[in-house]
Amino acid sequence: MSGVTADLTPDRPALRSWLPGFVALAAIWGSSFLFIKVGVAELHPLHLTLYRVAAGALTLLVVLAVLRDRLPRDARVWGHLAVIAAFGVALPFTLFGYGEQRVESMLAGIWNATTPLVVLPLAVLLFRTERLSVRGAVGLALGFAGVMVVLGVWQGVGGAHFIGQVMCFGAAACYGLAIPYQKKFIAGSSLSGLSLSAAQLVVATVQLAIVAPIVAGPPPLPTTLSPRVLAAVLALGALGTGLAFVIHLRNIRIVGASTASTVTYLIPVFAVLIGVVVLDERLTWHQPVGALIVLLGVAVSQGLIGRRRRRAAPGVGTPTVPVVEPAAR
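Anchor point for the sequence shown: position 51 equals 51 in my numbering, and the numbering is continuous, going up by one each time.
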């Protein structure tokens, strides 16, 4: 995940300046679930996570060097990053891997969209960084109803498919914990989003390098992987984290954090389309219906529906607040 403090954003930027990057970002993050599905066909979920995080860390370290930025030097920041790396990178990435051993990749993409529904109650009750409004409560209720529809609870629960869905929701819940934690303890830092993201991935790589061999045994050498799986790992790390971060940062600078964050709504769309076209996956009727209800709940809770926007004065930029985006997509 990445914490980004954007510069002042111009009023009403031209669509052609940011929309192509916005759609490309949704496609990259939406395709991550396809790559996870390909990767767990040969790799243990922990090994897949280790390789993709290491590839992502290396990519961002190279970008960091090119831009002459630096990693954090404050021990307190590194301590907080260790928590964020565990709950915002290592654990959710691994849970999505375990989940996709049991469910379709596009269903994992749908569950990823529930992250904002977990963020709000944790931000209100645990971190006290938000207040729960009537709009927020209605959005949470809608989102919960959508989750029940996606699960198809009237059919009964249990079995490997249900467990896989719970694991994917658990991954989203991890993001829900990491995002308000970062907002409370890290977002005010003067460090760049690139620096914080690179540091998170470095810490997550160390964490996984310790845990993965204990739980899953020594990871296989990359040279033993099939070209298909190796390409998936590189795409998850270099493309899904490195390039995606650069695109997302650019979008935030152009249109602001609020508009840039709405990429969340397109990710499950791309995840479903890619799952159907590439993997020939099939959804039952209640899963996309539930996904729409979840997205409606997210939109309501975030004030994207029924919110009145104040127009900025001509020539005056709109300052944006720090934004945190899950990188596990």
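It cannot be assumed that every hint is accurate.
Claimed, not checked - If you anchor each label on the Cβ, the simulated ranges turn out as follows: (1) L126 - A216: 26 to 34 Å; (2) L292 - L126: 38 to 46 Å; (3) R128 - A231: 40 to 48 Å; (4) R228 - H161: 33 to 41 Å; (5) L243 - S133: 34 to 42 Å.
Honestly, the hints are just simulated from the structure, not real lab data.
By construction, the Cβ of each residue, glycine as well, lies at the ideal position given by its N, Cα and C atoms.
Status of the given 33 to 41 Å range, CB of H161 versus CB of R228: violated, 25 Å
C-beta pair L126, A216: status relative to the range 26 to 34 Å that was hinted: holds, 31 Å
Has the hinted range 34 to 42 Å been met by the Cβ atoms of L243 and S133? At 36 Å between Cβs, range holds.
With 38 to 46 Å as the target window, see if L292 and L126 comply at their CB atoms. violated, 29 Å
Holds or violated: the 40 to 48 Å window for the beta-carbon distance between R128 and A231? At 44 Å between Cβs, range holds.
Violated hints, listed in ascending order, are 2 and 4; each of the other numbered hints is respected by the structure.
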